[in-house]
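Engineer: Given next are the chains, with one letter for each unit.
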Amino acid sequence: MAERSVVHATFSIQRAYDSPPAKVFNAFADPAVKRRWFAEGEGCQVDEYSVDFNVGGYERTRFRFGDGAPMRNDTTYHDIVPNERIIFSYTMTIGENRISSSLATIEFNKAGAGTELRLTEQGAFLDGLDTVGPREAGWKDLLETLARALQS
Amino acid sequence: MIERSVVHGTFTIERVYDATPARVFRAWADPDAKARWFVGPAGWQLLERAIDFRVGGKEHVSGRMASGTVSTFDSYYHDIVPDQRIIYSYHMHLDHTRKISVSLATVELKPEGRATRLVFTEQGAFLDGYDDAGSREHGTGFLLNQLGAELQR
Numbered sequence: 001m002a003e004r005s006v007v008h009a010t011f012s013i014q015r016a017y018d019s020p021p022a023k024v025f026n027a028f029a030d031p032a033v034k035r036r037w038f039a040e041g042e043g044c045q046v047d048e049y050s051v052d053f054n055v056g057g058y059e060r061t062r063f064r065f066g067d068g069a070p071m072r073n074d075t076t077y078h079d080i081v082p083n084e085r086i087i088f089s090y091t092m093t094i095g096e097n098r099i100s101s102s103l104a105t106i107e108f109n110k111a112g113a114g115t116e117l118r119l120t121e122q123g124a125f126l127d128g129l130d131t132v133g134p135r136e137a138g139w140k141d142l143l144e145t146l147a148r149a150l151q152s
Numbered sequence: 153m154i155e156r157s158v159v160h161g162t163f164t165i166e167r168v169y170d171a172t173p174a175r176v177f178r179a180w181a182d183p184d185a186k187a188r189w190f191v192g193p194a195g196w197q198l199l200e201r202a203i204d205f206r207v208g209g210k211e212h213v214s215g216r217m218a219s220g221t222v223s224t225f226d227s228y229y230h231d232i233v234p235d236q237r238i239i240y241s242y243h244m245h246l247d248h249t250r251k252i253s254v255s256l257a258t259v260e261l262k263p264e265g266r267a268t269r270l271v272f273t274e275q276g277a278f279l280d281g282y283d284d285a286g287s288r289e290h291g292t293g294f295l296l297n298q299l300g301a302e303l304q305r
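These protein sequences, in sequence, are chains A and B. Using the numbering used here, the letters of the first sequence map in sequence onto residues 1 to 152. Using the numbering used here, the letters of the second sequence map in sequence onto residues 153 to 305.
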């Protein structure tokens, strides 16, 4: 039987983009755009990506890396303010084990002609299966990938 | 136009109940039991209640407070480990239109002799100038006291 534990942790990341808030927001709101920078990745096979980008809507990503265990991200949207803010909760699962549940706030602030994005994640890391360090590093990588997607 | 802002905060509340973890868990899992203790303060009137207690399921509770303000709770279950843990996220509205917060709540149940220690952790985002001023923590403590009364039935 698994030893149950919860570690709560919060982190915040800021990232500036040359694109205006409407374009950065759209990269989260448009499933076709988001899939490219968020779900697709080198060595990553996406088995399912379904999105209902509405308050109360779900987003589900099922994926795996190489021969690794199937992973999934189950997201619920709580707050959507066009071009300004998105708040969602999500649970990550590897195989049969839920490894974390988190609340994420993304704020899109106009900065000159560009955007200052601030992501705040308040997480509950479960049963010793996940920790905050890799999560923060993972989001930094994703926000870099988003920068490249916005330039293409 | 609304000035947008977010204030993030976390609090933890602990209670020890003279009941087994299985019994405390049931007070969250059984819709009839939860409807007895998950209610507002004196003068609060229930408007709607629906619960689907399973991972991926939703809960919706709205009621009118004595002041006339209608509060609405919309919750989503993320993690359920029978007798041990419940994690849900929820957002709150006042008067249907004003969203005041989004939160992640973790309920941990730990046996302590024949009793149960409940550790409630809320990680919240308070929105657009809504000044909680500690009322969420106070309100949660009030609910956990009502849970204690339910367990003494």
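In short, the hints are calculated from the structure, not lab data. Note that the Cβ used here is the ideal one computed from N, Cα and C, for glycine as well. Be careful, since some hints might not be right.
Computed footprint of chain A on chain B; a stretch qualifies when at least three of its residues, placed anywhere within it, have a C-beta under 8 angstroms from a C-beta of chain A [unchecked claim]:
id, region
1, 181-188
2, 191-204
3, 213-227
4, 289-302
So the derived label-pair ranges between C-beta atoms look like this [stated by the list, open to error]:
id, chain 1, residue 1, chain 2, residue 2, range
5, B, HIS160, A, ALA149, 38 to 48 angstroms
6, A, GLY57, B, VAL271, 49 to 59 angstroms
7, A, GLY112, B, ARG216, 41 to 51 angstroms
8, B, PHE163, A, VAL55, 17 to 27 angstroms
9, A, SER50, B, SER219, 22 to 32 angstroms
10, A, PRO82, B, LYS262, 17 to 27 angstroms
11, B, LEU295, A, GLY43, 30 to 40 angstroms
12, B, GLY281, A, GLY56, 34 to 44 angstroms
13, A, ALA113, B, ARG216, 24 to 34 angstroms
14, B, ASP247, A, ASP52, 23 to 33 angstroms
15, A, ILE13, B, GLY209, 26 to 36 angstroms
16, A, ARG60, B, PHE225, 20 to 30 angstroms
17, B, ARG178, A, ASN54, 28 to 38 angstroms
18, B, ASP247, A, GLU96, 17 to 27 angstroms
The list that follows gives simulated cross-link-like pairs (lysine-lysine, BS3-like), each with its CA atoms no further than 27 angstroms apart [as the list claims (entries may be wrong)]:
id, chain 1, residue 1, chain 2, residue 2
19, A, LYS23, A, LYS140
20, B, LYS186, B, LYS251
21, B, LYS251, B, LYS210
22, A, LYS23, A, LYS110
23, B, LYS186, A, LYS110
24, B, LYS186, A, LYS23
Engineer: Note whether the CB distance of GLY112 of chain A and ARG216 of chain B lies within 41 to 51 angstroms or breaks it.
Structural biologist: holds, 46 angstroms
Engineer: Please check whether ALA113 of chain A and ARG216 of chain B have a Cβ separation lying inside 24 to 34 angstroms.
Structural biologist: violated, 47 angstroms
Engineer: Is the hinted pair LYS251 of chain B and LYS210 of chain B satisfied, with a Cα-Cα distance of at most 27 angstroms?
Structural biologist: holds, 18 angstroms
Engineer: Verify the CB-CB distance for ARG178 of chain B and ASN54 of chain A against the hinted window 28 to 38 angstroms.
Structural biologist: holds, 33 angstroms
Engineer: With 20 to 30 angstroms as the target window, see if ARG60 of chain A and PHE225 of chain B comply at their CB atoms.
Structural biologist: For PHE225 of chain B against ARG60 of chain A, whose Cβ atoms are near 24 angstroms apart, the range 20 to 30 angstroms holds.
Engineer: Taking only the CA atoms, is the gap from LYS186 of chain B to LYS251 of chain B under or equal to 27 angstroms?
Structural biologist: holds, 24 angstroms
Engineer: Between the region 191-204 of chain B and chain A, see if three or more residues pass the 8 angstroms beta-carbon test, and mark the coverage as holds or violated.
Structural biologist: The restraint on the region 191-204 of chain B is violated, since only 0 of its residues have a Cβ under 8 angstroms from chain A and three are required.
Engineer: Evaluate the given range 30 to 40 angstroms for the C-beta pair formed by LEU295 of chain B and GLY43 of chain A.
Structural biologist: violated, 46 angstroms
Engineer: If I claimed the Cβ atoms of PRO82 of chain A and LYS262 of chain B lie 17 to 27 angstroms apart, would that claim hold in this structure?
Structural biologist: violated, 43 angstroms
Engineer: Hint says 26 to 36 angstroms; check whether the CB-CB distance for ILE13 of chain A and GLY209 of chain B agrees.
Structural biologist: With a Cβ separation near 31 angstroms, ILE13 of chain A and GLY209 of chain B satisfy 26 to 36 angstroms, so the hint holds.
Engineer: When I compare C-beta atoms, does the region 181-188 of chain B have three or more residues closer than 8 angstroms to chain A?
Structural biologist: The restraint on the region 181-188 of chain B is violated, since only 0 of its residues have a Cβ under 8 angstroms from chain A and three are required.
Engineer: For HIS160 of chain B and ALA149 of chain A, compare the CB-CB distance with the range 38 to 48 angstroms and indicate the outcome.
Structural biologist: violated, 27 angstroms
Hint check: violations occur at hints 1, 2, 3, 4, 5, 6, 9, 10, 11, 12, 13, 18, 23 and 24; the rest are consistent with the structure.
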